[in-house]
Amino acid sequence: MTAILQAIGLSRRFGGLLAVADVSLALAVGELHAVIGPNGAGKSTLVNLLAGELLPTAGSIRIDGDDVTGRGNWRVARCGVGRSFQRTNLMPQMTVLENARLAVQARVSARGLLRTLRRDDASVSIARIALSRVGLAESADRIAGTLSHGQLRQLEIGVALAGQPKVLLLDEPLAGMGPEESETFATLLRELSRDYAVLLVEHDMDVVFAVAHRMTVMLDGRVLECGTPEAIRASAAVRDAYLGHSV
Amino acid sequence: MTAPILEAQGLAAGYGASQVLRSIDFTVHSGETIGLMGRNGMGKTTLIRTLLGLLPAQSGRVLLDGEDVTVLPAFRRAQRGVATVPENRGVFASLSVLENLRLAARDGAWTEARVLELFPRLRQRSRHRGNQLSGGEQQMLAIGRALMTNPRLLILDEATEGLAPLMRDEIWHTIRVVRDSGIAVIVVDKTVSAVLSLADRVTVLVKGGVVYSGSPQVLRDDVELMHRCLGV
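Those sequence lines, one after another, are chains G and A.
Residue numbering for the first sequence follows my numbering, starting at 65 and increasing by one per position.
Residue numbering for the second sequence follows my numbering, starting at 462 and increasing by one per position.
Hints were generated in silico from the structure; no laboratory data involved.
Please note: incorrect hints may appear among the correct ones.
Unchecked claim - Cβ-Cβ distance ranges computed for the label pairs, FRET-style:
| id | chain 1 | residue 1 | chain 2 | residue 2 | range |
| --- | --- | --- | --- | --- | --- |
| 1 | A | Asp568 | G | Gln157 | 27 to 37 Å |
| 2 | G | His277 | A | Gly527 | 52 to 62 Å |
| 3 | G | Thr251 | A | His634 | 29 to 39 Å |
| 4 | G | Arg297 | A | Ser676 | 31 to 41 Å |
| 5 | A | Gly527 | G | Arg77 | 50 to 60 Å |
| 6 | G | Gln157 | A | Asn501 | 16 to 26 Å |
| 7 | A | Ala535 | G | Ala122 | 46 to 56 Å |
| 8 | A | Asn501 | G | His277 | 50 to 60 Å |
| 9 | A | Asp486 | G | His213 | 48 to 58 Å |
| 10 | G | Gly136 | A | Ala566 | 19 to 29 Å |
| 11 | G | Arg297 | A | Tyr476 | 57 to 67 Å |
| 12 | A | Ser676 | G | Gln157 | 36 to 46 Å |
| 13 | G | Arg297 | A | Pro581 | 39 to 49 Å |
On a predicted model such as this, the values are computed, not experimentally measured, just so you know.
Where is the CB? At the ideal position from N, CA and C, for every residue including glycine.
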C-alpha cells in the first residue's frame, strides 16, 4: 500500500519538555493505524502536529508526497486531512446538517464559497452523504445540542468526512461511551478504514485491538513499539508501560 | 441500624423545565461502596450534582446523617464530610500539585504525607502546575485533594474515563484503598465489570428512575436486566 500520510522524524518541544521525539509513521488508505500509550505520552501532540495545528520543532510531514510541514491547519485540511477532537467541538445551536455543511464550505476558497452558496444543493448533498456514512441521515434536521453523547461523537466524524478528506485523525472518539455505543462505533471505524487512511488515538483496548491493522505505542514522546496488534499484545515492554495485565 | 450517611427521599431534579430525576430513593451507609450505574443520559451525574447541592432539588429531600440538607449549599454539605472527584477533575490549572492539595486540607487521618504515599507520582510532580500534569496524574490529584478534606463519603464520577489501562488499574486500586480505610464511596463508571466487583450495592438508573437497587452479584447474573439497563 502506498502511504498517503508520512511523518518523518517528527519532534515537538514545549520549553524543556520534548513532547514528541523523532516519531516516524506512514499511513495508507484502507488502513487503520492506532496510536496508544500512557496519558502524557505525546499522542494528542502528534495528532496536532499531523493536523497542522502545531508546528514541529523538527521533522516533516508529507501528504500524497507533498511536503506540508508548517502550512497551518486549514491548509493541511484542504490537502485532505480531517480530524476529530478529544472534547466534542461542534456548533450545538445549529442543526446536524448545518454542522456538516459548514465543513463542506470550509473546504473551498472564498470565491468557491460564493459559488457553493449559490449552488446550495451541492454542499447539502455532500453533507448528507457524510451524515449517512456515520448513521445520522435520519437526524439531519435535529439541533446538534439535543443529540446523545454517542451521536455527537458520530457527528464529529461526519463533520470531518464532509470536508472530503483522505486521512482521518481521530483523537479518543470513544471517550465517555457506554458498551453499546462503543460497539456501534467500532463497526463505524471498520467501515471508514476501508475508504480512508485512519489514525486512531484511543484508550479503549477492546475496540483498538478489534479494529486496528497496525499500532504504534508511544512512551515519553517516543515510539516504544510499532507493529501488528498481535505483536503489540505480545510485547512485554508494552505490557509494562501501558497495557498492564488485565488487557 | 444507624441513620444512613446520605439519603435521598423522593428526589426530583432537572434543568429548567426538563425533569431528569423522578422520585429517586437512594441511601448510603457508613463505610459502604455504592455503584451508581446506567447508560449515558439516564441521570447519574444529575443525581450526584443534586446530592452535592450543585443542582437544586425540584421536590423530595436530601438527608445527611438524618438531617435535612435539601436547601443547604454545596460547601455546607462538603463541610459535613461529603467530597467529590468531578467528571472533569476540576484541578486548579495554575496551582502546583502541593497547592492543590493544601488548599483542601482539613484535620484527620488523610494528611499530605499520606496522600503522597498513596500517589508516589504526585510526590515526583509536587512542584508542577495542574496544567502540566497528564490526565492520569490530574485524576490522582483530584482524588488526593478530595481525600485531604478527610471526607466520610467520597463521590467519584467517571474517575477512570480517558485513562490508559495501566492507569485505570491504579485508580481502581486506589478506590479500594479508600474504601478499606472506612470511607463510604459512590462510584459512577462505564467499566461495568469493575464497578460490579467493587461495590457492596448497586443502583441502576433508567430515564431518571431507579430500576434496580441491590446486590451486584444478582445484577451480574440477570442477563436480561444487564442488557436492557446497561447495554452489556
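Results of checking the hints against the structure:
no. : hint                              : verdict
1   : Asp568(A) / Gln157(G): 27 to 37 Å : violated, 48 Å
2   : His277(G) / Gly527(A): 52 to 62 Å : holds, 59 Å
3   : Thr251(G) / His634(A): 29 to 39 Å : holds, 33 Å
4   : Arg297(G) / Ser676(A): 31 to 41 Å : holds, 34 Å
5   : Gly527(A) / Arg77(G): 50 to 60 Å  : holds, 57 Å
6   : Gln157(G) / Asn501(A): 16 to 26 Å : holds, 21 Å
7   : Ala535(A) / Ala122(G): 46 to 56 Å : holds, 48 Å
8   : Asn501(A) / His277(G): 50 to 60 Å : violated, 29 Å
9   : Asp486(A) / His213(G): 48 to 58 Å : violated, 27 Å
10  : Gly136(G) / Ala566(A): 19 to 29 Å : violated, 46 Å
11  : Arg297(G) / Tyr476(A): 57 to 67 Å : violated, 44 Å
12  : Ser676(A) / Gln157(G): 36 to 46 Å : holds, 45 Å
13  : Arg297(G) / Pro581(A): 39 to 49 Å : violated, 28 Å
This entry does not satisfy hints 1, 8, 9, 10, 11 and 13, going by the numbered hints stated previously.
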